[in-house]
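From first to last, the protein sequence lines stand for chains A and B.
Letter by letter, the first sequence follows residues 13 to 340 of my numbering.
Letter by letter, the second sequence follows residues 44 to 486 of my numbering.
To be clear, the hints were calculated from the coordinates, so they are not data collected in a lab.
Keep in mind that this is a model prediction, so the values were computed, not measured.
Each residue gets a CB set at the ideal place from its N, CA and C atoms; glycine is no exception.
Among these hints, one or two may not hold up.
To be verified - Taking lysine-lysine and the DSSO-like style, the derived pairs with C-alpha atoms no more than 30 Å apart in a straight line are: (1) B/Lys49 - A/Lys26; (2) B/Lys49 - A/Lys226; (3) B/Lys46 - A/Lys331; (4) A/Lys225 - B/Lys59.
Unchecked claim - Just the calculated beta-carbon pair ranges, DEER-fashion: (5) B/Glu105 - A/Tyr329: 31 to 37 Å; (6) B/Lys49 - A/Lys226: 35 to 41 Å; (7) B/Pro407 - A/Trp230: 30 to 36 Å; (8) A/Ile146 - B/Ser297: 47 to 53 Å.
Stated by the list, open to error - Partial list, computed: chain B residues near chain A (C-beta under 8 Å): (9) Pro296; (10) Pro301; (11) Ile371; (12) Pro375; (13) Gly378; (14) Val382; (15) Ala403; (16) Ile412; (17) Glu443; (18) Asn446.
The residues making up each chain are set out below.
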Amino acid sequence: MSKHLTVSPSPHVKGSESVQKIMLWVVLAMVPALAWSFMVFGLGAVRTTLTAILACLLFEFVIQKYLLKSEPTLMDGSALVTGILLAFNVPSTLPVWMIIAGALVAMGIGKLSFGGLGNNPFNPALVGRVFLLISFPVEMTLWPVNANSGIDGVTGATPLALLKEGIKSGTPISELASEIPSNVSMLLGNIGGSLGEVSALLLILGGLFMLYKKVITWHVPVSILGTIFAVAGILWMVNPEQYIEPTFHILAGGAMLGAIYMATDMVTSPMTAKGQIIYGIGIGLITITIRVFGAYPEGISFAILIMNGVTPLINRYVKPAGFGRGAK
Amino acid sequence: MLKTFKIGGIHPPENKFSAGKPIEKVQLPKTVTIPVAQHIGAPSKVIVKRGDQVKTGQVIAESAGFVSANIHSSVSGVVKKIDTVLDSSGYKKQCVIIQVEGDEWVDGVDLDDTLVTSTDLDGKAISSKILESGIVGLGGATFPTHVKLSVPQGMKADMLIINAVECEPYLTADHQLMMEKGKEILVGTELLMKAIGVEKAVIGIENNKPDAIKHLTNLCGEFKGISVCALKVQYPQGGEKQLINAVTGREVPSGGLPIAVGCVVNNVGTAFAVYEAVMKNKPLVERVVTVTGKSVEKPCNLMARIGTPLTDLIEMAGGLPEDTSKVISGGPMMGKALVSTDVPMTKGTSGVLIMKDQEAHRKPMQNCIRCGKCITVCPMGLEPYLLMTHSELKNWEESEQCNVMDCIECGSCSYTCPADRPLLDYIRLGKGTVGKIMRSRKK
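Extracted from the complex, chain A is given alone in its bound form:
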């Protein structure tokens, strides 16, 4: 027997999970909402998505290869996910150069400056979005109205912005009702908004797929949406003329997109189930606070980024219950 044998420590078998597969499942989960955005926002959405994806891939490659002089990790699929998520988070009418600037910030500052996938404390796509939102507030809040509404190319406000404006001017909610889209429209996606946030239904569908593929667990989305719903519900019961009913809050704006796709990012969310629930409640509370009391109509991006920053602390103090360590 002269054959050389491979010797390595156990285990000698490996499960079928891989980073690439996880990223692929995430991409597949986003396809329905992406397709819907192509339908309602037309070519603008296609252009925005392609620009964001290509820019993210390019920056990942160029920065890794020429600046960091490391082996590019394009094939792990994470840059693709960031690209799609970035596109989801901007209006389809955003100028191309702004999208590229957003991608540069997302990949360069949000991800690679920390050491690439796995080391970034903040969700890269959100870093890009918030950069754009603060730098180009006008372009980032010009929303094309759904093409299905019959009037093409017209820009209008999102439901949340309509609400904020209305309340600021002192109009009671009962009078705003005619301007604000119905919950059914928001569920189906017949509203204005960022590219990927308009159809709550399709986002939920993708979320269920990721749950089935075990890419995400229920803890983060349920605790975020549950908290938003509960707090909004309490406010509504206190004064229904000042505060809108809670279903609106979980269907409007980026709540679904944020709760299902952004906050669940493995890298930037806590490791344990208990930690994820704390994190989710935190995001929910900050979101509703910004939406109701803050200057911005939309708050979930900021809420997620803030809780991303709290994640290492949560990981430090929220530990799994050890076997045989008294915690029955």
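Chain A is fixed; fit chain B onto it per the hints.
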């Protein structure tokens, strides 16, 4: 709902190719190489010398302490030499090499197959018979059985658990033994109950062996106090602490032994060996070994003598396939990769698994994506990703605080990691170093 342990666990592909293959006897080899360190504890002391004539079942190395075991010749013949030889651990160990002349047994051994069900021996006598016969845990850990049976002062056992889980993929030795020697196993279980002084025994079998569950459940009717518990398929259910948790719901405290929760766990193969030792006066000189693998021509279950070269066993399965790249002693999750197939089988060899080229190599590791899957699957409730980081940074104190010593090395974390990180390798490093630090502190 089938029972299983409460936290963690994985379900790797079972690949039990040799299931249902009857146990074949392996021919006696030309020479046997019997290591003196086949068990956990002190290596046994050789009591024969070169040129001695030995018989099958004769003690050739004596137990060298409480945690140690006798070793018997598995053949009759002449002691050719006593030398250090490469064994399945990958190190050279002291071995007794015997030129085989035949199979002439020592006096008093009952080689007949008829079932014997009653004995006059009391618990103590059964224990000392087990000690004499060199029986160790045959699940793979090879802990001397008599040590497990001696309940420490102030503690009380109320239940014997027979480990028939065989949760390692590929292996079918225990399964086939249950199908062929069910009654013997139950008699062995009764003997163990008597030795420990308990009235109740539960045989834990995973649900992927419905025939064994049915067979043993039927036989249990004739035995008082023994029952079968069907378990959900979940690795590492064969781990002692996990099995106790699955069957009784009890949790062995960290750093504690099963007896702390009133349980003693023995492998089903051990129960059979106990039967043979006590009822047939036959010491432990042979065991069932599964030889298997994806390219193996005839995956099989073999009854082979201790000291038989693994090459002989592999021959019985159709020889070493062309595309062999790794040979493992034991199962794919916790088994040991061999440096060479020219090593002898020992009391702890439950299987020989042959892997082909593509399966044998690891993928390059990527950054941790903090998915937390290692935490989800860890049956001990640890944080493998963090323990790996502590090892990388040599943070031994933090590693100890994160309970690195609780790790049972089941490998579920490495198996699951989507970034192909060698978590268990680093955790083992941490365990080794932290263990050393803890021992030096005690001194």
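For each hint, the structure was consulted:
1. B/Lys49 - A/Lys26: Since the Cα atoms of lysine 49 of chain B and lysine 26 of chain A sit roughly 23 Å apart, the hinted pair holds (cutoff 30 Å).
2. B/Lys49 - A/Lys226: holds, 19 Å
3. B/Lys46 - A/Lys331: The given pair, whose Cα atoms are some 25 Å apart, holds under the 30 Å limit.
4. A/Lys225 - B/Lys59: The given pair, whose Cα atoms are some 26 Å apart, holds under the 30 Å limit.
5. B/Glu105 - A/Tyr329: 31 to 37 Å: violated, 54 Å
6. B/Lys49 - A/Lys226: 35 to 41 Å: This hint is violated: roughly 19 Å between Cβ atoms.
7. B/Pro407 - A/Trp230: 30 to 36 Å: For proline 407 of chain B and tryptophan 230 of chain A the Cβ distance comes to about 33 Å; the hint holds.
8. A/Ile146 - B/Ser297: 47 to 53 Å: holds, 50 Å
9. Pro296: holds, 5 Å
10. Pro301: Violated - the Cβ of proline 301 of chain B stays beyond 8 Å from chain A, reaching only about 11 Å at its closest.
11. Ile371: holds, 6 Å
12. Pro375: Because about 4 Å separates proline 375 of chain B from the closest Cβ in chain A, which is inside the 8 Å limit, the hint holds.
13. Gly378: Since chain A brings a Cβ to about 6 Å from glycine 378 of chain B, closer than 8 Å, the hint holds.
14. Val382: Nearest chain A Cβ about 6 Å off; hint holds.
15. Ala403: holds, 4 Å
16. Ile412: holds, 5 Å
17. Glu443: Hint violated; glutamate 443 of chain B Cβ to chain A Cβ min 13 Å, cut 8 Å.
18. Asn446: The hint holds - asparagine 446 of chain B has a Cβ within 8 Å of chain A, the shortest such distance being about 6 Å.
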